[in-house]
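Those sequence lines, one after another, are chains A and B. Per the numbering used here, the very first residue in the first sequence carries number 125; after that it's consecutive. Per the numbering used here, the very first residue in the second sequence carries number 125; after that it's consecutive.
Mixed in with the good hints, there may be bad ones.
No copy labels: a pair is met if it fits in one copy or bridges any two.
To be verified - Below 20 Å or equal to it, Euclidean Cα-Cα: the simulated DMTMM-like pairs (lysine to aspartate or glutamate) are:
hint: 1; residue 1: Lys129; residue 2: Glu323
hint: 2; residue 1: Lys173; residue 2: Asp189
hint: 3; residue 1: Lys173; residue 2: Glu192
hint: 4; residue 1: Lys173; residue 2: Asp134
hint: 5; residue 1: Lys329; residue 2: Asp204
hint: 6; residue 1: Lys329; residue 2: Asp134
Note that these hints are calculated values from the structure, not bench results.
Now for the letters of each chain:
2 protein chains.
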Amino acid sequence: MARLKRVVLDRLIRYYRFLADVSDGRRADTVTSSRIGAALEVDPSQVRKDFGTVGLIGMSRVGYDACEVCRTIRTVVGFDRPYGGVLIGAGKLGGAILASAEVDRYGLRIVAAFDSDPFKVGRHIEGVTILPIRVLATYVMEHQIRLAILTIPPSAAQPLADLLVSCGVEAIWNFTPARLEVPRGVLVRNQRLTAGLGEIAYHLKGPRRAVRHRDYAAAIEGADAS
Amino acid sequence: MARLKRVVLDRLIRYYRFLADVSDGRRADTVTSSRIGAALEVDPSQVRKDFGTVGLIGMSRVGYDACEVCRTIRTVVGFDRPYGGVLIGAGKLGGAILASAEVDRYGLRIVAAFDSDPFKVGRHIEGVTILPIRVLATYVMEHQIRLAILTIPPSAAQPLADLLVSCGVEAIWNFTPARLEVPRGVLVRNQRLTAGLGEIAYHLKGPRRAVRHRDYAAAIEGADAS
DNA sequence: TAGATTGTTAATCGATTAACAATC
DNA sequence: TAGATTGTTAATCGATTAACAATC
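Full structure from sequences and hints, please.
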């Protein structure tokens with residue numbers, strides 16, 4: 125199969141999340157392209173085309189096997205192949221990531237955390253031991269770590285990225301605002317926490333939304349009740 | 125000016141960040157479309173077109189006034205109009221957001237945090253007081269809060285969103301994996317922490333990158349030195 | 001002037017949507 | 001069968017890129 129474009133990959137993951145979530149509730153054996161399309165605001169033709177590119181075959185008059193769709197997407201994206209990752213910077217954001225049960229679902233196993241603060245070293249967060257940054261290079265090489273998660277001050281990001289790449293890391297999940305330079309073949313996925321604020325600021329530039337007094341009353345009542 | 129499309133908005137913000145960062149270092153009075161284009165991998169024509177849509181006029185043979193570009197983009201996006209926001213869920217992720225100096229830069233002023241845990245109520249994180257969730261509705265209405273940041277368990281997200289909307293909140297920055305339903309005119313910006321893992325998993329599906337022994341040696345040496 | 005850059009129009013490219021025969 | 005859905009091709013749409021006269 126040809127390399128999937130980013131937009132297609134993103135849509136496939138949305139389909140997967142939708143189906144995985146829905147099938148938790150009621151047993152959805154089959155699903156049609158228009159059902160997915162309606163829920164996710166994607167054209168049904170687009171859904172069928174995307175399914176076609178990953179080799180999914182539907183059934184006339186019935187739709188697609190929901191389980192097969194999930195399984196296929198998991199395989200195509202690679203969620204079914206666990207890979208080891210280390211977290212660098214055991215601060216609040218680092219702790220939040222370690223605590224997220226979600227990451228497991230997508231194949232990531234965070235096997236160690238690193239921090240330069242001696243008071244943090246030796247402690248455990250969510251079952252993951254915090255090691256001194258001094259042993260990072262050795263650890264990454266010995267355990268053939270493929271992903272590094274950067275939750276550190278931006279100034280430390282580039283030197284660390286250089287070190288990690290030379291130790292064989294193949295992808296960097298960068299939570300710092302720093303722009304990282306890495307050799308071809310290494311993936312940098314920037315995850316700026318503040319990414320949404322542009323859209324939000326632009327939205328709030330508009331005139332203030334009118335709020336009805338009835339809503340106010342109901343809200344206070346609701347808050348009192350809780 | 126017509127409503128900006130999302131892609132244009134995103135590019136404008138990238139230009140802004142690039143110029144704001146660069147001008148910290150050396151005094152860049154003017155900047156050309158090709159300079160920006162090269163740095164950000166955007167076609168120079170695209171840069172000029174985007175600048176045109178926000179009314180920026182360049183100078184032949186010279187380029188654009190870097191300060192004017194920054195100022196104009198700030199105004200167009202709305203970063204120069206501060207707005208109040210509340211954070212709901214003072215956990216690790218919530219703490220990380222409160223600690224981020226970045227949010228101020230984009231117009232957001234987090235004025236209060238809320239949590240249902242009585243042990244957290246009354247404490248302060250980064251100068252922001254944690255209030256009981258009970259007073260949320262009243263607080264939001266009295267202070268005319270426009271943005272709510274959701275860093276809570278997903279199951280609580282929809283009911284809270286309903287409450288917030290009825291209290292006049294106009295935008296929700298949703299860090300939970302829950303899909304939220306809100307009335308037209310209210311913006312939901314989903315900020316899934318795990319968004320990058322699809323691309324990462326897909327990248328790591330490929331064959332393992334070859335690592336040269338020379339890199340290993342250098343890495344260990346570098347780590348020893350630090 | 002010569003040359004570099006803008007501003008804008010035209011051309012290209014790719015992605016999305018529409019349409020419809022084939023299928024069960 | 002009738003009708004709903006797929007799979008796929010053609011048409012449309014919009015975004016990106018190329019080109020180039022105008023400018024300083």
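Structure-based check of all given hints:
When the C-alpha separation of Lys129 and Glu323 is checked against a cutoff of 20 Å, the pair qualifies only between copies, where the shortest distance is 10 Å, while the shortest distance within a copy is 24 Å. For a Cα distance limit of 20 Å, the shortest separation of Lys173 from Asp189 inside one copy, 16 Å, qualifies, whereas the shortest one across copies, 46 Å, does not. With identical chains, the CA atoms of Lys173 and Glu192 are at most 20 Å apart within one copy only, with a shortest distance of 16 Å there and 45 Å across copies. Proximity of Lys173 and Asp134 under a CA criterion of 20 Å is satisfied intra-copy only: 14 Å inside one chain copy versus 28 Å between copies.
For the homomeric pair Lys329 and Asp204, the shortest alpha-carbon distance between copies (10 Å) is at most 20 Å, but the shortest distance inside one copy (43 Å) is not. Taking identical chains as interchangeable, the C-alpha atoms of Lys329 and Asp134 lie at most 20 Å apart only when they sit on different chains, with a minimum of 16 Å there against 29 Å within one chain.
When each numbered hint is compared with the structure, no violation occurs for any of them.
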